[in-house]
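Based on these hints, arrange chain B on the given structure of chain A.
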Amino acid sequence: MREYGYVIGQADPTHFDFNISDPDYRPVNYEYVELEVEEQQPDGSRRRVRVLGQVKRLISSHPFYDRRTTPGAAHKQRQLGLTPDLLQIYATAKVLGYIHDADGRREIRRPRSPPLPGTPVYRASDELLRDFFTLPEEEIPLNVGHLLHRENIIIPISGKELHRHMAILAMTRYGKSYFAGRIMEELLKHGASILAIDVHGDYAEMVSKPDGRLHEFFHDKVTVYRPEAAERLEAPHVKPLRLSASSIGFRELCALTRIEGPRQRFLLRKTLEELRVENPSYTLDDILNRLEKLMEEAKGTAEERIEGIIERLEDLKREGIFTYGDIDVKAFFKPQRLSDIYLSGLPDYVQDVLVGVILRRVFEAKYRRQPWARHPLFIFIEEAHRFAAPPDRGVRFSRDIIARIAAEGSKFGLFLTVISQRPRRLDPDILSNCGNLAIFRVINPQDQRTIQAASESFSEDLLEDLPALEQGEAVLIGPFVPIPVMIKTMRRETRHGGRTPDVYGLLQEALREAEEEEDEALY
Amino acid sequence: MPRPEGFEGVVIAVDGGVQSSTFAYGGFAAVGRACALIYQNGESSIVKRVKLYIGEAYEEADREAITRYVRMIAEYSAAHEAAQRVLERGERPLLLMDGSLRPMGIPRRLGEYIHHPELLVELLEAIASLHSLTSRAGFTLAAIAKDSTALNLHLTLLREIAEARGLRDLLEELDWAAPQRLQSLFRRLRERGDLTGSPLCDTALVGEATIGEGYTTPLLLAPPQQWRSPQLPSDIDEELSKQIEEAYRCILSQPGVASTIFRPQPEARPMRVDFLSNLIGYMEPWESYQADRFIDEDQPLKGLEEFLNQLAYWFCNEVEYNIPLYQADLIARFDRGLYESRYEPLIIRRLEEAGLSIISRRRVLRP
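Taken in sequence, the protein lines are chains A and B.
Start counting the first sequence at 1; every next residue gets the next number (our numbering).
Start counting the second sequence at 524; every next residue gets the next number (our numbering).
For the record, the hints were derived by calculation from the structure and aren't laboratory data.
For glycine and all other residues, C-beta sits at the position ideal for the given N, C-alpha and C.
Among the clues, some could well be false.
Claimed, not checked - With a straight-line Cα cutoff of 25 Å, these simulated SDA-like cross-link-like pairs (lysine to any residue) come out:
hint, chain 1, residue 1, chain 2, residue 2
1, A, Lys160, A, Glu408
2, B, Lys571, A, Tyr65
3, A, Lys76, B, Val533
Stated by the list, open to error - If you want the footprint, here are the derived chain A segments under chain B, 3+ residues with CB under 8 Å:
hint, stretch
4, 63-70
5, 79-93
Isolated chain A (complex conformation) (with noise of 0.2 Å):
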């Protein structure tokens, strides 16, 4: 094995410095390099072990050129040239660990030991990486992408250590939902059953494969659920979505059509209780009747009252978010199968209400552990700031019960996953309670912060490497992984929902259309 270099410096049990003996045979940055330590066993005695570790920076100096050197001279020594043997090229590598055999059991252990000047450090073999990332079968091996630099080194995540939940976070199209429906496809295979909040309707193709025509796999795994006011979207795994007014309670209706008044709000708690003894399944017309045939007995500021009331709930009528009908939460636990609530052109108002009321349905059947709800639901909630931001930026029906999936769901086998390009935005709370976590490119420095907040174990470097990434590169850490880790997200076998539009070709047509007409509008 060739080495890259030798350790210089001083170095710790974290860190070392190497330098590269030759330029042209030299790593990338976060590339994985390798080479032993030794290390103080219990027993008192020494033992060599290999230690891998990532090259988080790479200075290249030459004497010539230092921070004094002036523009003027640096011309001039361009043409002198350069002398090679003085360029010096040296990297920052941290440790990541070492593989330890614990009576059979295998843990990663970082040295106490630093590395040795003068030791040899060479790029880290795939024997080593594979032994460090792959997973035993019990831990549900999730393929989600390839070892960043390294596509012949596959990364699984455990989906076991799912139900720490997950927070997936990164700019806009850098690869959020993308990588979240790789793990939605890895999951299938696994026989999960999963619930996904999708605002853009990123997920609403996985039937397909990228080209456009039916995944073998995946055709039958997944349905579609679309409100009636939502975006247009017709294909045979597409079903309406419908949710009459008694979905929800008391307090929501009043938050929704913003009664206040104490003697409105009695009123209208005593109308849906009576409705509720008639019929369980009431609609926002079978209240609204009901109030009509009160008004017109009321008299004064009684009626005055109730026509408050009518007023505002048809106000919320026209917003179209109430039908008849009643969501069938049911077929959201069948395993293997992948439930979409599709959301796209949806207000926000009404988005909020409908996720707020779909999760607490779906708690509540895990709470009240009904038998058609036995299998754990594994819930991706896109946009998530839109839905769980803290308290203090306004109501937010779903926030409440993202965050008691989040801080109990767990034990009722429901598994969040939360995603979005503003962790500044979501509460931290929520963010807090998710455990694995898979950061994307993010370089807003609230953002990072926010991050870094949410994870005792997302370190200083780490969060210096986000600017860095490109498009599908992310770093995972959490239990979901053995050690932090870079890596760029695998092609997905369905497709992706999320792509950028084509402006130039949607340009393209237009200019044609519009040519099109100008010659009909000639001749």
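Coordinates of chain B only, in the frame set by chain A:
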């Protein structure tokens, strides 16, 4: 600014540094380190030389001389090796050194030879060898001093004035003038009424001599008088004595050293450029120069001007006054940290291996 035409050769820049340690009981170690950077075909290669002295030195003057010698030995041998390499490839070198080609600090007082004649022999042989190679192969050897005095120019100008005004007693005085005597000379001239204004200091003289960009009339420097007939002390080893005399003879048999003050740009500070006189066609042996004198008026200076144009091109500012030499300085710079961490431990280990006991608390490192 395009690179000036008229010179087709390989630039070699040479610089060096020195560090030393003084131990108890007169122990003294000095390390001279030099590098020659050879610039060729858009790349540069390095010739490195280290000269080590370990011995006894009891006087400060002696220690200073040793450190000077080891540095210069390393510089001259690196320069020679680099020039040789270029010549072997069939190319013509342009060899640039830092400082002066008429080395200051080679003792004039014969008693100073006593403690370290073997180093002096080595240095003189190194100088002789390089001068010989330069004149034989016909390339340019020059040294640049950006913070130098212009004593020789000063004295020569005074001599010309004295001759023109018939001041014979002053002419005699000037033949033996040393820097420290100029002040008393000027005082006496003022007392006699031969000097009415204020005399110029070196800097002012140089400033006056080079108002715009350009160079002063080259001055052919006579070798120090003592080099012609070095009367060595009687207790010096006979063989060494012969070697010293032979080395001097060899240096003096080569073309001499000429000097000019050169201002590369109107705003730049002038620098003194010493060069071997073969560059301007003076091929006679150095020993034939009895006193410093300006070159003949009709002497063609094309070679010098081409060379100075090159220097002007390599000038950027007061710090990066000559890019090749600046680079050589960056590499050869021998700081105390490097000496303490790399060289001195090795020296001490070797001394201990040789059976010496090093008392570290008596050790003094030069700053």
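Hints breached by this structure
Violated hints: none; all satisfied.
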